[in-house]
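Keeping the supplied structure of chain A fixed, place chain B upon it in accordance with the hints.
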Amino acid sequence: MIWAAVNPDAIDPRVIAAIWRREVTGYLRDRAQIFGGVSRTVLWLVILGFGLGATLREIEGYTYSQYILPGVMVLNVLFASMQSAFALVYDRRHGLLRQVLVSPAPLASVTLGKLAGGASVGVIQGSIPLLFAPLVGVPLSLPGVLAAWAVMFSMGFALTGVGVVIALRLKGLQGFGSLSNGVIQPLYFLSGSIFPLKGIVGGIGFLDIPQSLRDQLRDHGIYAIGGGWVVELPLWLEAIVRVNPISYQLDLMRSALLGFHQLPQGLALAVAAGVPLVSLAAATWSLGRIGKD
Amino acid sequence: MSSAPILDARGLGRRFGGREVVAGLSLSLQEGQSLALIGPNGAGKSTTLAMLTTALRPDAGTAQVGGFDVVRQARQVRGLLGVLFQEPALDERMTPRETLRLHAALHRVPRRDVAASVADALEAAGLVEAADRPIRGFSGGMKRRLELARALMHAPRLLVLDEPTLGLDPQGRLDLWGRIGALRARGMAVLMATHVLTEAESFDRVAILDRGRLVALDTPEALKRAHAGDPAASLEDVFLALTGRALRDEAHPLRPALVRRRA
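In order, the protein sequence lines correspond to chains A and B. All the letters of the first sequence, read from the start, carry residue numbers 1 to 293 under full-length UniProt numbering. All the letters of the second sequence, read from the start, carry residue numbers 1 to 263 under full-length UniProt numbering.
Looking at chain A on its own, in the form it has when it is part of the complex (with noise of 0.2 Å):
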């Protein structure tokens, strides 16, 4: 860690441990949390999935619920993360932060472990729309499920970070509907989770021949046979999407769960592992403009 070479003191894993264990154990006693879980998985993946899908047919030879699968993931995992970091506008007046921050406990271990919080909150609430992999016919693998679990924990890693920044910007909660449409819902709808940057869409036929077949002309990289229509965003729109890191994440778990990528996945995996950094600094050093100024 960065820290760790500039300040071998900052790093204390019994208080990274302790806030963690904190973030996640109360987010096992939050129901409504997982239910929102649950149904946002069922109204995307299931209802919006399955129904748009009736409509599309296919994206580059997968259905609609399978393509947007990650998609969905994704917005569990920004839904999570930011619920976990305006946690903190509430924590700071009137809860523990108070009694954290006048503790001798190194802020970047407690920022750590916030971050680390939030990142595994968002793992699980991420997961929940894996449950519903085999109804929308995607295989599991191990090794998938793994890459998905640790791009999920980079993801909700980065935006809990950004969330803290934002969150401690905040004069009250009043702020959180308009934040959780302002960020929430433009990172992913700009994050190529719902529509292909470019691609094959329409009732090709891919999806009529049999499965074998299908992962056969994968692997070759046939995504699509048939007739269907090429469809691409606007220059501008997909200009959003290239800036945005989240879409290189989810390509990445595109990847990893569905075989198929849009993005170069070595400046996908590159934004994976930076991004997490900048955050954490970012959210340690506004942790400790608190009273300063």
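Covered, in the sense of this in silico footprint (three residues per stretch, anywhere, with C-beta under 8 Å from a C-beta of chain A), are these stretches of chain B:
{"id": "1", "stretch": "53-59"}
{"id": "2", "stretch": "72-79"}
{"id": "3", "stretch": "86-94"}
{"id": "4", "stretch": "100-106"}
Hints in this document: simulated from the structure, not taken from any laboratory. The beta carbon of each residue, even a glycine, is placed where N, CA and C say it ideally should be.
Structure of chain B alone, referenced to chain A:
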């Protein structure tokens, strides 16, 4: 009385948006002594405590706790303080046992001592039965007892209390007050801000703040003689003589400032 004070503040000041909330405040407290801060709304009590507990950076003067500077050596200072805020600083989803374990980690209570010191704190707080129930259902008195036990868990040298009995029913207030009295009797240094003047009567010294400035600092008896002309007077007589009878309607300065930040 030891020679080096546990708390020593000199010329402490803090402004919010151009308004001086605390100015030129000098206070000191010896080991084993108690000091009560009283003053009308907006006098700067909470702002003073926030600065002394390292939660807020002063923009004038200096303060030391146990010889450590509250700005440059905040971490050492934090290790010496036990703090009870006005409102409970608890996560209501957690149980008392979890709350105390978290505190032990934050304060680096040695691992092998954690179980015993958590058990002791639960015992002291009278929460052994409720140790594994979420705090959400607790009374105000139970929460305060838990917080007081937590504040003492790491054996602080200075206990800082900001209106500790606020919102408690008379039974809860009496109980908490007995606990604080017992701690003082055992030689714990206590700094407390309060609105309840009868609570300040028993303190070694009383500091009266008004509009951010220290207007009097002495033993309760000396204050009564000097400002109410009668040792049998109450602190309330002294308080009104020094700060007047006009109502103070200023908003709490710390709240918006801790939440909103200037660029």
